[in-house]
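All chains, full assembly: derive it from the sequences and hints.
Protein chains: 2
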Amino acid sequence: MPWKLDLGANCEKSNVSFRIWSPYYDSLSIVLYKQNKKEIVEMNKEDKGYFSLKDKDVEYYSYLIENMEIPDPASRYQPEGVHGKSKVLCENFNWEDKEWEGIDQNNLIIYELHVGTFSERGDFQGVIEKLDYLKNLGITAIELMPVSQFGGKRNWGYDGVFLYAVQNSYGGPYELKRLVNEAHKKGLGVILDVVYNHVGPEGNYLGKFGPYFSSRYTTPWGPIFNYDEAWSDEVRHYVTQNALYWIYEYHMDGLRLDAVHSIYDISPKHILSEISDKIKIAESELKRKINLIAESDLNDPKIISPKEKCGYNIDAQWSDDFHHALHAYATGERDSYYEDFGSIEQIVKALEKVFIYDGVYSNFRKKTHGAPVGDLGGNKFIVYIQNHDQIGNRKDGKRLLNLIDKQNFLILSTLYFMSPYIPMIFMGEEYGEKNPFLFFTDFSDVQLINALREGRKKELGEYYYDPQSDDTYNKSKLSWKIDYEILNFYKNIIKIKKELDHSRNILVKIEDNSLLIERDKLLVVAAFKDSTIHLKKKWKLILSTAEFPEYIEGEIKIGRGAAIYRNAN
Amino acid sequence: MPWKLDLGANCEKSNVSFRIWSPYYDSLSIVLYKQNKKEIVEMNKEDKGYFSLKDKDVEYYSYLIENMEIPDPASRYQPEGVHGKSKVLCENFNWEDKEWEGIDQNNLIIYELHVGTFSERGDFQGVIEKLDYLKNLGITAIELMPVSQFGGKRNWGYDGVFLYAVQNSYGGPYELKRLVNEAHKKGLGVILDVVYNHVGPEGNYLGKFGPYFSSRYTTPWGPIFNYDEAWSDEVRHYVTQNALYWIYEYHMDGLRLDAVHSIYDISPKHILSEISDKIKIAESELKRKINLIAESDLNDPKIISPKEKCGYNIDAQWSDDFHHALHAYATGERDSYYEDFGSIEQIVKALEKVFIYDGVYSNFRKKTHGAPVGDLGGNKFIVYIQNHDQIGNRKDGKRLLNLIDKQNFLILSTLYFMSPYIPMIFMGEEYGEKNPFLFFTDFSDVQLINALREGRKKELGEYYYDPQSDDTYNKSKLSWKIDYEILNFYKNIIKIKKELDHSRNILVKIEDNSLLIERDKLLVVAAFKDSTIHLKKKWKLILSTAEFPEYIEGEIKIGRGAAIYRNAN
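Protein chains in written order, with our numbering: chain E, 176 to 744; chain H, 176 to 744.
Just to be clear, a hint being listed does not mean it is correct.
25 angstroms max Cα-Cα, derived DSS-like pairs, lysine-lysine [what the hints assert, rightly or not]: (1) Lys528/E with Lys444/H; (2) Lys455/E with Lys484/H; (3) Lys484/E with Lys455/H; (4) Lys541/H with Lys453/E.
Source of the hints: derived by calculation from the structure; they are not laboratory data.
Listed below in structure tokens is the structure:
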């Protein structure tokens, strides 16, 4: 394997090689824990703020900064959590996926899951136990919410502080590798959610070592990585190597880049472009497809456009507009960002043009937002009717099935699966889970906890619950009470989805209270109310959410529900 | 004229139409000063935070905010300064430049000047009086340091707070129009330095009216305009209209955009791209060339690349690397950013490739900096051996002639004029001015003054002088003690420059202690010490800074100095 990590603790035969970037200091000592022995050793200084050392038989280590033992920013494992020692990992994992070729972008059907709440046991083994179920459902890749070490045992993952360390409470590095290995053996891909904009509030020791964070850009939820100021070469290295690390060392099939709209970089080459360049090289070296997916709130096609069209060349991005259009129309909600949505015409635009705000004034944002996607293919966009944010960021944390009835829910499911885009299910959605997905944390810093509680009390008002409590976490776990009508519908529509391409050459129209989508010799009818529709061709039913005639042609009255027909001429 | 300003006070026949963007308020009152009469009138509310009103016979006005009279953010004139009332201007200026076609980018030879210190009287009239001198010198365009109203009577101009108001102490709007009109009559262009990144510290009332400033980006020298957050459409409008205003209402031949590296914008269309689009439209409407020039510290060719190459399509940009390479080599200075410069090879690179830091690690910046300019033409870059920053930001404020001797000074002059780029002279340079250009202010806010003085005491140490004192200002004024040897040399080299194109197809080599540049059938010899050079062709002298042989060929010994030869074969 040509790529090797040059940060953290790396084993080479009988040696362990340590390397850290710590430009704030002229000298640096490492604390080495060997069997029943603790040694403090001065590191060798290299150029540009790096220090390195080789030693033997080290089990744990930390760095001595201002007389405190601080874990390694590139620690591979923090068995005792964010404040504990870093562990040296030398065991080789016995990969069994030599033949694995990855998941082609056109075949992606994504299943987003949160390791802690997906199963009762809340760890990687809990996911492994469900791989057969997921394979049987028909999805082709799971997308893990972030697993980089965060403070405490419970967290969505976006408060991670050790980019390279796999969350101890999920089972750590070995268990994550086992999950990927088992998934690959079953033909399932694994995409990892990684956070390259900010780091979390507890256990963030990065700033002790060097200028990891920007001095000129700020976010409300934590410091932002420094991608364009002094020392940014090394910060960029820390981040781009992390992306490669998950691909090479963990055999990930893709990365979901969190909130790229909060990554600021005025360098000639944007960090996203640099990440995508490096991933493309890895892809060709490894001869397997790596899917690079951005969460972007910008509605800017630059993120996913090829280089020759001035883009960052990311493979695909989430499209919140699609979600919001469906959600606002079906629920009638108009608060917060749903203010900008609600008409059936917007669903048509979402199906046809992806972005609804593509250079259009947004009342919610109080500005003109976005730009048209042009001729970018349907496979460049990930769509969903639920995800961790769209459920979890609601005051009530409610899933869609608690807001609309099953019939409307299935109409929305039909629409997003039958869109030209890549569908993403949020765990439990496929069988009608009704448990909420709440915001939960497990911090230990009292000041931080108090600030968090006060902030959320203000924000949530009567909906307030304690983010720190076990109860909040447990309530968010999947119940696995399966509604087989929904589950079977999902299995069937996934089968149909797999037959389709991602051509955006589709015909969408509104007739009476229905949306009609014609594509790939299929007709999709989504009737939000009883409707009368008119058809020029004859169509044969292949799937429906309610009673629908087996053949339709000419003027037809239909009841509420969605159906997929095949050309019967 | 198709373009009309829709902000501020605009006269239409006998009416004055007022329009202001003030989204912080649901209602807004204007204070109207008519002859011996003061009226307070409620404005009419429009969409998106705008208010408007029509009235008659108004001489001055202000807006009532929290019971205080605040001047108009789009005021055309602040006769009493930044804290005073805004003036309604209804007089038509009698333009005499109907036939004026602007200055083609290829013909630009720029003369940067500061209105306050250029002449003893320190106003626009003082510049008008020197137009014949400037024409006779041979430059084709003057570039005025910013004239937007700043606090007090003395300022470099970068503390401007009313983008549309012409500095009262310089003579105000009428006098600026007169200067442009007179310049055009003599065939000289006028470029205006405009500041679209930040506003100054005194008299900045913009934030009282609306979110003019970014909540997420910061600079050390003032708030940054909000180009991409809520309400940014209107801030962008305020700024882009300002650019057009100088072109349409003041007949400017170009704009120099201050510090574009401090303009942050993650919108799909960058504000610089929007400005350049709008200026191109103005250019074709007005049928005269408008030169859009950026001051950029980014060494990023994106700024000046055409759209099809993913650029912002700005016409040209300053190149500090060129300056630093020459300055550091000639002076031997290595402090601050000169740390990155000093070798003769860097001068060669500057002549050949423009940017020295074009993807190369900078020790001073502690990061890899810049990107190569590729095949962008020489006319995309402005070069200089002095400018207001490179003199004024020195602790000693010293001009180059106080740092090196006349011979070395003229060698540098030769190099920058004979480069493929557009030359820019800083006022006085052409006749050997030795007065410093110091940093001076005339604020009235005591806290601000104290902070400024303390800050500069710390920064300057033994070099400290009081930025607020009249003396500092007067010391910075041009003495007009003309060294005719230098002046004549400048006149002659400008004549030669005018014969050349901006092709970057030049040959540069180092021989002994000399730089040899072959271009356009000319040979430029710049000998920093006695040198022996070898020539394959025969050359005839056309201009030199010292005694040089009239013909040279084969092996030749030359003394220190620079000379320009023409092919004599």
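Going through the hints against the structure:
In summary, the hint linking Lys528/E to Lys444/H is supported, as the alpha carbons are separated by about 19 angstroms, within the 25 angstroms threshold. Proximity of Lys455/E to Lys484/H is assessed by CA-CA distance (about 22 angstroms); at most 25 angstroms being required, the pair is judged to hold. Simply put, Lys484/E and Lys455/H have alpha-carbon atoms about 22 angstroms apart, close enough for the 25 angstroms limit, and the pair holds. Restraint check for Lys541/H and Lys453/E: satisfied, since their Cα atoms lie roughly 23 angstroms apart, inside the 25 angstroms limit.
In this structure, none of the earlier numbered hints is contradicted; all agree with it.
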